[in-house]
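Undergrad: First to last, the protein sequences are chains A and B. Residues in the first sequence are numbered consecutively from 1313, following the numbering used here. Residues in the second sequence are numbered consecutively from 8, following the numbering used here.
Hints were generated in silico from the structure; no laboratory data involved. You may find that some hints are simply not true.
To be verified - Restraint-style ranges between C-beta atoms, simulated for each label pair: (1) A:Trp-1458 x B:Met-8: 45 to 51 angstroms; (2) A:Gly-1363 x B:Arg-70: 24 to 30 angstroms; (3) B:Met-8 x A:Gly-1359: 17 to 23 angstroms; (4) A:Gln-1392 x B:Phe-80: 35 to 41 angstroms; (5) A:Gly-1317 x B:Ile-59: 23 to 29 angstroms; (6) B:Ala-62 x A:Met-1314: 23 to 29 angstroms; (7) A:Thr-1394 x B:Thr-11: 30 to 36 angstroms; (8) B:Ala-76 x A:Gly-1457: 49 to 55 angstroms.
Remember, predicted model here, so these are calculated numbers, not experimental data. No residue lacks a Cβ here, since even glycine has one placed at the ideal position from N, Cα and C.
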Amino acid sequence: MMLPGFPDAMPLQGLAGGLMIGLSAAIMLLALGRIAGVSGLAARATGISAGGAPRGIAIAFILGLPLGALLVSTMLSGVQTTFPTSPWPLLIGGLLVGFGTRLGSGCTSGHGVCGMSRLSPRSIFATAMFMASGFATVALLRVGGWL
Amino acid sequence: MKQTAIALAAGVIFGAGLAVSGMADPQRVQAFLDLFGAWDPTLAFVMGGAMIPMAIAWGVQRRMAAPVAASRFDLPGTNRIDPRLAIGALIFGAGWGIGGLCPGPAIADLAIAPAPAAMFIAAMLAGMAVHRFAIR
Chain A
1313 MMLPGFPDAM PLQGLAGGLM IGLSAAIMLL ALGRIAGVSG LAARATGISA GGAPRGIAIA
1373 FILGLPLGAL LVSTMLSGVQ TTFPTSPWPL LIGGLLVGFG TRLGSGCTSG HGVCGMSRLS
1433 PRSIFATAMF MASGFATVAL LRVGGWL
Chain B
8 MKQTAIALAA GVIFGAGLAV SGMADPQRVQ AFLDLFGAWD PTLAFVMGGA MIPMAIAWGV
68 QRRMAAPVAA SRFDLPGTNR IDPRLAIGAL IFGAGWGIGG LCPGPAIADL AIAPAPAAMF
128 IAAMLAGMAV HRFAIR
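Build the full structure now, drawing on both the sequences and the hints.
TA: What follows is the structure, given as structure tokens:
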């Protein structure tokens, strides 16, 4: 299916993948009683954070992410990804994402998916902030001629 | 053991969902954030899709005394809005826009584009470590 006016959009794949992400988060909540927040689980799995989920749970969830992607990539014979060609956006972006998600206690999954669907004022606020910042940052990249 | 297996299964479903949705592609994420370029609304569908099972799950959760495979719910508070939350989210959003990656897709991409994903993740973990040792 194509969206009129947006030839590159993949609305059905987006919706299907989103449903899977939501199902995963629902399993974490209803079976294990926890938020499927990837930044927190990654910090816990690597030992950077001492609090939160039991370490085994965090490690298992984090290992599952590339396994799931591998499964899809094998079944669909490849998944389209285009990364920045220069290492700088990856290094600078990574540093800011790591620091910011710890300071702000969450990322797209914890605040965006789990918190917003819970109608948590804290998560709605955080999501509005990081979305606005993302839009502004990409607009600045465009003005600066980096895009 | 059972909890670990459930977490692994949840991680696999999550990673598969990221790959199916297009969110594992940094260029597509950046295109969603690019309001003044060729805007790609796909990510709005991903977020909308993820909200549906989770909205139902929260409704179910309110009626449960304990989770199915754990002794109690261990959930964060929902009301404290402070400068840390705001500044952290603003910094995260800037990094998300610059790299086109947030933590979940970056880790899932280790299976699809290992070299750039690993570079992003190394920097991300460094950023997390800086927070750990620099803030309080």
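Undergrad: Now look at each hint and say whether the structure bears it out.
TA: Okay, the hints, checked on the actual structure:
For A:Trp-1458 and B:Met-8, the Cβ-Cβ distance of about 48 angstroms falls inside the hinted range of 45 to 51 angstroms, so the restraint holds. The supplied range of 24 to 30 angstroms is met by A:Gly-1363 and B:Arg-70, whose beta-carbon atoms lie about 28 angstroms from each other. The given range of 17 to 23 angstroms is respected by B:Met-8 and A:Gly-1359, whose C-beta atoms sit roughly 21 angstroms from each other. The hinted window of 35 to 41 angstroms between A:Gln-1392 and B:Phe-80 holds, with their beta carbons roughly 38 angstroms apart.
Between A:Gly-1317 and B:Ile-59 the C-beta distance comes to about 24 angstroms, which sits within the given range of 23 to 29 angstroms. Hint check: B:Ala-62 to A:Met-1314, Cβ distance near 27 angstroms, so the stated range 23 to 29 angstroms holds. A:Thr-1394 and B:Thr-11 have their C-beta atoms about 34 angstroms apart, which keeps the hinted 30 to 36 angstroms range intact. Evaluation of the 49 to 55 angstroms hint for B:Ala-76 and A:Gly-1457 yields a pass: the beta carbon distance comes to about 52 angstroms.
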